[in-house]
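Number of protein chains: 2
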Amino acid sequence: MDMFKKLYDELATKVNEYLHNTLDDMEKYPKIIFDSMEHSLFAGGKRLRPVMLLASHRLLGGNLNESLPLAGGLEMIHTYSLIHDDLPAMDNDDFRRGVPTNHKIFGEGIAILSGDALLNLAYEIMLDNALKYPDKLINHVKAINTIAQAAGIRGMIGGQVVDLQYEGKEVDSDTLQYIHQHKTGALFMASLKASIMLENPPEDASKALMEYGKSLGLAFQVIDDILDVVGDDKTLGKKTGSDKDRRKATYVDKYGLDKSWSIARQLRDSAIAQMETFGQKGEFLRQLAQFIVDRHH
Amino acid sequence: MDMFKKLYDELATKVNEYLHNTLDDMEKYPKIIFDSMEHSLFAGGKRLRPVMLLASHRLLGGNLNESLPLAGGLEMIHTYSLIHDDLPAMDNDDFRRGVPTNHKIFGEGIAILSGDALLNLAYEIMLDNALKYPDKLINHVKAINTIAQAAGIRGMIGGQVVDLQYEGKEVDSDTLQYIHQHKTGALFMASLKASIMLENPPEDASKALMEYGKSLGLAFQVIDDILDVVGDDKTLGKKTGSDKDRRKATYVDKYGLDKSWSIARQLRDSAIAQMETFGQKGEFLRQLAQFIVDRHH
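Note that the protein sequences, when read in sequence, are chains X and Y.
Residue numbers for the first sequence follow my numbering, beginning at 941 and rising by one.
Residue numbers for the second sequence follow my numbering, beginning at 941 and rising by one.
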């Protein structure tokens, strides 16, 4: 197994262990809501956002245990957004990652509450963690705030709202850009920005990380659009072509398949170029950009 | 107008102004989500929780501007919980406080997202505010964490889950107690506890405030149950008898109307008794307990 894959798995495993431990440390009452949260938290997510946070924190010389709760919180926020997104009133998806969506198993009421619970729990664990670092409390509050801004109405939720509004409608490219940058890009950026808030690196390092995140977040969404058209149900674990059926805003609709691939590769390359400033240390994030863009090539 | 009413209105007005200013300071895009949030935030809520937080912070010598964003955050959390509670998958209510519920106007998708946005925004504004008080940052993080714990799965959401699970079922009095203490009591307690976290008062003061909150939170719920039976649609602004129709867990079902009134009065009196330690300064919270229990007598 190559070095990249090994470190990726190591970090993803840390995140999984942390999420398991966090829930296992709580009295699991009412049981159904813990079952529901665990169903979606452990439904095979790639842990991309938390791995990025941990990797970028490591790149800046940070300690893994200090950022692990922020990585876990980020994953909880991502998971809650998927649970709510899948609801009948939103995307109305029955499957995700090959398993039935939360509301298909637990009902809509519990799925709504379980999403709410995960969002709120993210703040609980990040705040608990912040209190363990009194000397860096201000760094932690800024990091949590960065994640909060990215998750909120000026970030991810804003993107979800516009996405919902444009269902079944033609979409101009500015709006398409807005949806992607907010719905997906904001949390990507936040994973890098949070690590910057924790470690206060020199200006050029933080600028490089931010540019990396901007390009990669967008690349990730373009690839998602492409896979929705060319992927098969088994790889994605959900019905492909579902975005197209419902006339959702996608890059493939707008630019065609070939142009979309070339956009994705360009974005990958500019992300990779940003890592130059870190030399050998930037290798993991360089390979992460490759991995994201080439994952189903 | 008596002193109590005057101060109550003054504090509630501060909360309203703060909420308006907070939203007006943001770029209101996508517009529909701001319309939706504002619909529920300004649908005539009494601002009980934020007023309690401000009053108790004042009692402890605190500065109003310092706690206002926590009061506003608490009200946003309360409001989001109402929006989600009213959804068809939950209580399925068409009216609240005399106006159509959020999803009846904006649709279920936007109502879900608008609840999510309010919950998240609560943390954004509380964290922003915390950063304005670097010397008291630890107090603020503890205060926010107190509110987060109360709003989460070990608090309000836990109560909502059990409430949802017991719909249409017989409920034992332990479960009834659990639902009330979590669904309503937790945020009540948090409003007082947050002010304690901010000001670090002597042990006896914080103990008195906590006991006050415990009794009053429970009293509030008992009164709600009573009003659901004896109130009229106009006073409550929603269909009365709706809890009973759906066999929800209420004090009146369990103990009858007379016993419920007497429980409420007992709880009010023990709340009032706790204020003795504050002398004349405790007058507002004493009268607040009266106001809550006697509001529709």
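Simulated from the structure, these hints should not be mistaken for laboratory data.
Don't take every hint at face value.
Said to hold, decoys possible - Listed next, the in silico DMTMM-like pairs over lysine to aspartate or glutamate satisfying Cα-Cα at most 20 Å (straight line):
(1) Lys971(Y) x Asp1114(X)
(2) Lys971(X) x Glu1110(Y)
(3) Lys986(Y) x Glu1110(Y)
This one's a predicted model, so the numbers in the text were calculated from it and none came from an experiment.
For each hint, the structure was consulted:
1. Lys971(Y) x Asp1114(X): Roughly 17 Å between the alpha carbons, so the hint for Lys971(Y) and Asp1114(X) holds.
2. Lys971(X) x Glu1110(Y): At roughly 19 Å apart (the allowed maximum being 20 Å), Glu1110(Y) and Lys971(X) satisfy the hint.
3. Lys986(Y) x Glu1110(Y): Outside the cut-off at roughly 32 Å; violated.
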